[in-house]
Amino acid sequence: MDLTLPLTKEIVKSLKIGDVVYLTGYAYTCRDAAHKRIQNTLEKGEKSPIDWTNQTIFYAGPCPTKPGKTTGSIGPTTALRMDPFAEMMFQQGMVAMIGKGSRSDFIPALCKEYGGVYLLGIGGASAINTKQIKSIEVVEYEDLGTESIKKLYFNRFRVIVGIDTAGDVLQTREIQKYKRL
Amino acid sequence: MSRVIRTDVIIPVLERLVKKACYELDDNVMGALRCAYKAEQSPIGKDTIEILIKSAEFAKKEQIACCHDTGTCVVIMEIGQDVCWEGDSLGDQINEGVRRGYETGYLRKSMVADPLERMNTNDNTPAVLHTEIVPGDRVTITVMPKGGGSENMGAFKTLLPGEGMEGVKKFVLDTVNSVGGNPCPPYILGIGVGGTMDHCSWMAKKALLRPIGERNSKPLYAKLEEELLTKVNDLGIGPLGMGGTITALDVHIDYYPCHITALPVAINFQCNASRHAAETI
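These protein sequence lines are chains A and B, in that order. Positions 19 to 199 (this note's numbering) are the ones given, in order, by the first sequence. Positions 113 to 393 (this note's numbering) are the ones given, in order, by the second sequence.
Honestly, the hints are just simulated from the structure, not real lab data. Possibly wrong hints are sitting among the right ones.
No more than 30 Å apart at the CA atoms, straight line, and that leaves these computed lysine-lysine pairs for BS3-like [said to hold, decoys possible]:
#	chain 1	residue 1	chain 2	residue 2
1	B	K221	B	K173
2	B	K172	A	K149
3	A	K130	A	K87
4	A	K87	B	K281
5	A	K34	B	K150
6	A	K149	B	K343
7	B	K158	B	K269
8	A	K87	B	K172
9	A	K87	B	K132
10	A	K149	B	K150
11	B	K166	A	K87
12	A	K54	A	K84
13	A	K195	B	K173
14	B	K158	A	K152
15	B	K132	A	K84
16	A	K195	B	K158
17	B	K158	A	K31
18	B	K166	A	K84
19	A	K197	B	K132
20	B	K173	A	K149
21	A	K197	B	K282
22	A	K197	A	K34
23	A	K197	B	K166
24	A	K152	B	K269
25	A	K34	B	K269
26	A	K87	B	K221
27	B	K166	A	K169
28	A	K152	B	K221
29	B	K166	A	K152
30	B	K343	A	K169
31	B	K221	A	K54
32	A	K197	B	K221
33	B	K172	A	K84
34	B	K269	A	K197
35	A	K149	B	K158
36	B	K221	A	K169
37	B	K158	A	K197
38	B	K343	A	K152
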């Protein structure tokens with residue numbers, strides 16, 4: 019199905035594991051170092067530099083952009099590393115995370131509690147992903163290089179729902195189907 | 113008779129190899145991905161492999177990184193014992209070649225100067241260099257960009273000698289199960305058995321460079337490779353961990369004699385973007 023960003027809580031709630039979704043609209047890249055910096059900012063009692071309400075976070079750090087291209091190769095990184103920050107970001111208003119791989123056991127419960135989803139991209143398909151990105155610009159923490167926060171525009175970027183608001187996990191369901199050992 | 117080589121001649125070689133490795137998966141890897149596409153039984157897994165193949169083809173055509181994580185730059189130099197180097201430090205020249213490759217190739221800079229302070233070096237140096245002395249007067253340079261997703265899932269354990277073959281199998285399958293889809297399957301599993309802690313890990317890494325489909329020359333290990341390949345795929349983890357019948361493209365094991373007290377085993381994962389390029393000078 020096709021969805022427009024930013025998502026709403028209602029739309030997020032309608033998503034079910036295994037749904038293939040094509041996203042169009044703005045999202046933000048944010049990964050390890052930027053999450054850590056947001057955490058430090060919040061701990062000091064200051065506000066996050068970005069309003070995360072209803073936003074979708076793409077755990078990604080792209081390659082530099084070649085001249086004449088829109089973006090360098092870009093794809094999801096291991097989401098597990100952002101697990102310690104997930105609740106903090108949900109509290110900031112985030113509704114969807116795009117990453118790859120499995121999450122910690124407490125993430126499905128957080129998705130249920132906050133009404134959020136974990137969306138799966140494909141690790142390694144970073145060249146072809148560039149076709150679905152129409153713009154990308156650094157908006158915060160430029161000194162972090164590839165780990166800076168970037169605002170990007172997806173044009174039908176393909177993801178699969180990995181964890182839904184019911185707390186169901188796609189990988190758990192699918193791996194059981196093919197497990198023979 | 114020694115052959116004199118100026119150290120600066122390797123700079124353009126490194127620059128070229130870094131780009132080629134990051135842009136182009138070789139025919140062996142592409143062939144393995146195409147076979148995996150045919151064999152995969154899960155619809156999600158099949159779609160995933162198809163997208164990986166299309167992405168790799170697009171990367172080669174456009175000369176862009178096939179995966180955004182262009183990795184730690186592992187450089188392997190097999191140096192003929194008759195070679196005599198002349199000029200500035202070989203290590204510095206290698207890093208200069210790597211620096212130029214990542215810069216002019218628009219490749220991601222993923223190295224931090226200090227693991228605790230974590231400031232990016234902004235040029236993807238330093239490389240991790242392995243050298244081996246071999247007969248002859250030639251030098252073979254292999255560049256192997258190694259992404260974090262798969263590298264971070266590696267494991268090492270010194271088993272008790274009595275645990276033997278069954279212990280090795282258990283350690284491998286337990287590790288594969290625990291890391292699930294995180295090393296970006298379909299992957300290659302490199303396994304070192306024996307040696308010391310450092311050498312065992314090195315064997316696991318180097319085994320990843322062996323062409324997919326090629327078995328260890330010793331039947332004992334060839335048989336173990338085939339058995340582990342079947343068992344790993346029977347775990348159902350599948351492409352990117354979303355379930356399926358193809359988790360590993362291959363399992364490569366190398367062994368080395370070891371101490372009477374030890375049975376070291378190292379596991380190194382190579383993600384679906386199995387990148388390497390080599391030249392001989």
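Structure-based check of all given hints:
1. K221(B) x K173(B): 22 Å, holds
2. K172(B) x K149(A): 14 Å, holds
3. K130(A) x K87(A): Answer violated: K130(A) to K87(A) is near 39 Å, above 30 Å.
4. K87(A) x K281(B): Given pair K87(A), K281(B) is violated - Cα atoms ~47 Å apart, limit 30 Å.
5. K34(A) x K150(B): 28 Å, holds
6. K149(A) x K343(B): Violated, at about 37 Å.
7. K158(B) x K269(B): Measuring from Cα to Cα gives roughly 34 Å; hence the hint is violated.
8. K87(A) x K172(B): Roughly 15 Å between the alpha carbons, so the hint for K87(A) and K172(B) holds.
9. K87(A) x K132(B): 19 Å, holds
10. K149(A) x K150(B): Holds. K149(A) to K150(B) sits at ~26 Å (cutoff 30 Å).
11. K166(B) x K87(A): Cα-Cα ~19 Å, so holds.
12. K54(A) x K84(A): Cα-Cα ~29 Å, so holds.
13. K195(A) x K173(B): 37 Å, violated
14. K158(B) x K152(A): 27 Å, holds
15. K132(B) x K84(A): 16 Å, holds
16. K195(A) x K158(B): 15 Å, holds
17. K158(B) x K31(A): 27 Å, holds
18. K166(B) x K84(A): 20 Å, holds
19. K197(A) x K132(B): The hint is violated at about 37 Å.
20. K173(B) x K149(A): Holds, because 13 Å separates the two Cα atoms, which is no more than 30 Å.
21. K197(A) x K282(B): 17 Å, holds
22. K197(A) x K34(A): Since the Cα atoms of K197(A) and K34(A) sit roughly 22 Å apart, the hinted pair holds (cutoff 30 Å).
23. K197(A) x K166(B): 27 Å, holds
24. K152(A) x K269(B): The hint is violated at about 46 Å.
25. K34(A) x K269(B): 40 Å, violated
26. K87(A) x K221(B): This hinted pair holds, its Cα atoms lying about 18 Å apart.
27. K166(B) x K169(A): 26 Å, holds
28. K152(A) x K221(B): 23 Å, holds
29. K166(B) x K152(A): 19 Å, holds
30. K343(B) x K169(A): The given pair, whose Cα atoms are some 43 Å apart, is violated under the 30 Å limit.
31. K221(B) x K54(A): OK: K221(B) and K54(A) at ~19 Å, within 30 Å.
32. K197(A) x K221(B): 38 Å, violated
33. K172(B) x K84(A): 14 Å, holds
34. K269(B) x K197(A): The hint holds at about 26 Å.
35. K149(A) x K158(B): Measuring from Cα to Cα gives roughly 21 Å; hence the hint holds.
36. K221(B) x K169(A): Status holds; Cα separation ~20 Å.
37. K158(B) x K197(A): 16 Å, holds
38. K343(B) x K152(A): 43 Å, violated
This entry does not satisfy hints 3, 4, 6, 7, 13, 19, 24, 25, 30, 32 and 38, going by the numbered hints stated previously.
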